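Take the given structure of chain C and dock chain H to it, following the hints.
Quick note, the sequences are listed as chains C and H, same order.
Taking this note's numbering, the leading residue of the first sequence gets 3, the next gets one more, and so forth.
Taking this note's numbering, the leading residue of the second sequence gets 9, the next gets one more, and so forth.
Quick caveat, the hints were computed from the structure, so don't treat them as lab data.
All values derive from a computational prediction rather than experimental measurement.
Ideal Cβ placement from N, Cα and C applies to all residues, glycine included.
Any given hint might turn out to be false.
Label pairs and their computed distance ranges (CB to CB) [what the hints assert, rightly or not]: (1) C:A190 x H:L133: 24 to 34 Å; (2) C:S28 x H:T10: 51 to 61 Å; (3) C:S28 x H:E176: 29 to 39 Å; (4) C:A183 x H:V112: 16 to 26 Å; (5) H:P87 x C:Q58: 48 to 58 Å; (6) H:T157 x C:E114: 37 to 47 Å; (7) H:V152 x C:P15: 36 to 46 Å; (8) C:T155 x H:D85: 55 to 65 Å; (9) C:P96 x H:S43: 26 to 36 Å; (10) C:A190 x H:V112: 18 to 28 Å; (11) C:P15 x H:I25: 48 to 58 Å; (12) C:S28 x H:L86: 46 to 56 Å.
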Amino acid sequence: MSSSTPGGDAVNPVVARWTETDLGVSGNLLEVVTAPAPVLSSVGAAVDPTDPEIVQLAADLVATMRVSPGCVGLAAPQVGESVKVFCVDVSEHPKTRGHHGTFVLCNAEVVESSRNERAREGCMSVPDLTGDVKRATRLVVRGQLPGTGETVTLQANAFEARALQHEIDHCEGLLFLDRAAGAHAIHARKTYL
Amino acid sequence: MTLHAITVLGQDRPGIIAEATAILGGLGLNLEDSSMTLLRGHFAMTLISAGDADAAEVEAALAPLSASGDLTVSVGDLPEERAVATDGSSWVLSVHGGDRPGIVSSVVSRVAEVGGNITDLTTRLSGDLYVLVAEVDLPRDVDVEGLRTTLSGTAAELGVGVSLHEVEADDL
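Okay, chain C solo, but in the shape it has when bound:
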């Protein structure tokens, strides 16, 4: 892990430096599946991050995220693959504080989480609804980078922490609907971006 300042948020330089060009393959655009597709409710399989098929999937996820307006993350189940791989890039989002740019993690898990806050989320795989979900705003996540397979641990806060939890949930077969903060916490979406 990178050095951290007391009370501050450390950015993991290995993750921050990573870009999709490190994968060495170009990504293809994949179709995003929507609920109630069963793949969205299935626990994804653990993967070998050095497997060429996983490297290609990583590139495809980033490419598909890039062309989707407002999209800050995409998990493999959302493109129909029931495996633990997702990409995130919150660098352009106004609610972002610290961030690691674009990265893909395989087999990611939450190591520590604290300071829950409730906010409203939407998801490309549930296009007509939004939901109020409590998520940790300080998070430590461990996973592997596709390609090298290097294990990385990163600290995330604010919006990057929320995005990571949302994507890790996808890999576990969970949607924001599974995390609704109450019976009146799911809303019809009023406008499309």
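Just chain H, lined up with the frame of chain C:
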């Protein structure tokens, strides 16, 4: 295919929803949107169902639910209409303070005056404390600061506090 609006109101007990939905299922009706809560301890459910049965048939089938006299059931036909998407913004309006007549009507009038549409509303009276929370769609051209000022004036007259904050869903 007909849309029905069904309401069930009355004394709460376990099993009301199970009983009502089993009857509706038996008629081949599909439950669409529904909302149920307890209002001062009373069961209050509204649901929209779709199917081929007519309202009189549905009402007759639900009669056992109200047979003991502690539940009131109503069934009406609804025109097949879908909500129109707006290009406005979503806000949560919160009001709380000492109970007195006119809080809801005064506050929501200010919202209606600017064309705001309330899409969800809960009020609770707890002892002397009155709480109102509403989800409001505001048209794009509404002067939100102006509305806040108007709401604050109304709230001051009522001796209650008011806040209005935007709820934006973040796409993940």
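We went through each hint and held it up to the structure:
| no. | hint | in the structure |
| --- | --- | --- |
| 1 | C:A190 x H:L133: 24 to 34 Å | holds (28 Å) |
| 2 | C:S28 x H:T10: 51 to 61 Å | holds (53 Å) |
| 3 | C:S28 x H:E176: 29 to 39 Å | holds (34 Å) |
| 4 | C:A183 x H:V112: 16 to 26 Å | holds (25 Å) |
| 5 | H:P87 x C:Q58: 48 to 58 Å | holds (51 Å) |
| 6 | H:T157 x C:E114: 37 to 47 Å | holds (44 Å) |
| 7 | H:V152 x C:P15: 36 to 46 Å | holds (42 Å) |
| 8 | C:T155 x H:D85: 55 to 65 Å | holds (59 Å) |
| 9 | C:P96 x H:S43: 26 to 36 Å | holds (33 Å) |
| 10 | C:A190 x H:V112: 18 to 28 Å | holds (23 Å) |
| 11 | C:P15 x H:I25: 48 to 58 Å | holds (54 Å) |
| 12 | C:S28 x H:L86: 46 to 56 Å | holds (52 Å) |
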